[in-house]
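Novice: In case you want the letters, here they are:
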Amino acid sequence: MSNRQLEGVAGGLPSSYGASESANLADILERVLDKGIVIAGDIRINLLDIELLTIKLRLVIASVDKAKEMGIDWWEDDPALSCRARRGELADGRGELADGGGELAEENERLQRRIAELESVLQTGDERRDPA
Amino acid sequence: MNQLRYVYAVTRPFDGALPEDLRGIAGEPPRLLSHGDLVAVVSSVSADDFGEIPLRARLEDLDWLTGTARAHQGVVAALTSITCPLPLRLATVCRDDSGVRRLLDTGRERFVRTLERLDGRVEWGVKVYAETPAPEADTPAESASTGRDYLRRRLSERRSREGTWELADAVSRRLHEELSRRAEAGMLHRPQQAQLSKAPGQNVLNAAYLVPREDSTAFIECVEGLRPDQPGLRVELTGPWAPYSFAGEESDR
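From first to last, the protein sequence lines stand for chains W and G. With numbering that gives the first Met the number 0, you'll find the first sequence wraps up at 131, consecutive numbering, no jumps. With numbering that gives the first Met the number 0, you'll find the second sequence wraps up at 252, consecutive numbering, no jumps.
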């Protein structure tokens, strides 16, 4: 069962509307990578590395085609549509061509800077990391 | 082979058992590890995958990531039908059971507080898609004879889609406003490209709502009642999810 359009609902808690095993992978990844409780286990990888991974997925460094196939290439949406839709401002701007692109470029730049920061932190961590 | 403990979720002790055929990461059956008044749901994973060094490489492998994410969600989903789990972020790993107990001790105050806040709630996802006319082929900018032609074409494309977008925006706002009122909390995610679900159209609203379990049917009926009858707009509902989107503290959401 995949996501489906709304259908009649029988009484009681409906068993599943696409939150099952075959759910949209983008739905799953945005939850298991971006949400959920963050707490460090003994294998200390999940904080910076996961943030880095999430950002990389956004920037399509990992793999453009695969990411597209997974439906998580939101970063290259039509910027005017996605940015405004996100902020609920879709109807406010009319016929602008340059504006949205600038926003996307800005976000891109910000994420690139964050990657550089994270990578330098991780490298420092590697050097300090106790091999035992 | 060196085994580590993968932690899927933290719950309160609950009646009932995990489904016997439930399998987690690498096909391992998850089990419950009780510690004080909390339960961690764990399974054994190989250090070859989840050790510090290999894990960093594995996370870059999108096929591996896909399988792991689906297995993680599969266990959390099974828990959601039994109790209210607090899902942990993907790849929370301890060395052994003592490590898991330490994790429960470290996070105890936060777990208890969050479990109280989310007890009896589930998350529903609501998305709106707009099916706009496709842009005129995928011609790159260079193929327009002049920059002015390119801009003109883009402008006219945009105008033709504007009507649908405005409608999609109005419907999304109304839906989000109404559903936020119905739900205990609402949250907007980034819109998705929908290649994977093969759903046609452009995702314009991608929202999650926190709803008491027993109010779910009424919530779904509300979504259904708000479904737009205009052509070109589609509403999709997913759930019930564990309350992933609401598990973080206010401050880090």
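Certain hints may be false.
According to the in silico footprint, chain W covers these stretches of chain G (three or more CB under 8 Å from chain W) [to be verified]:
| # | stretch |
| --- | --- |
| 1 | 17 to 27 |
| 2 | 32 to 40 |
| 3 | 66 to 74 |
| 4 | 104 to 118 |
| 5 | 235 to 245 |
Pair ranges (Cβ atoms, derived) [what the hints assert, rightly or not]:
| # | chain 1 | residue 1 | chain 2 | residue 2 | range |
| --- | --- | --- | --- | --- | --- |
| 6 | W | L110 | G | S97 | 23 to 31 Å |
| 7 | W | S119 | G | D148 | 29 to 37 Å |
| 8 | G | D62 | W | L110 | 21 to 29 Å |
| 9 | W | R109 | G | R226 | 47 to 55 Å |
| 10 | G | A56 | W | Q111 | 17 to 25 Å |
| 11 | G | T105 | W | A115 | 25 to 33 Å |
| 12 | W | E116 | G | R180 | 33 to 41 Å |
| 13 | W | R112 | G | D62 | 42 to 50 Å |
| 14 | G | D20 | W | L110 | 40 to 48 Å |
No wet-lab data here; the hints were simulated from the structure. Owing to the predicted nature of the structure, the values given are computational and were not obtained by experimental measurement. Beta carbons are placed, not taken as given, at the ideal position from N, Cα and C, and that holds for glycine.
Novice: Among the hints numbered above, which are violated by the structure, and what are their numbers in rising order?
Specialist: Hint check: 1, 2, 6, 7, 9 and 13 fail, others pass.
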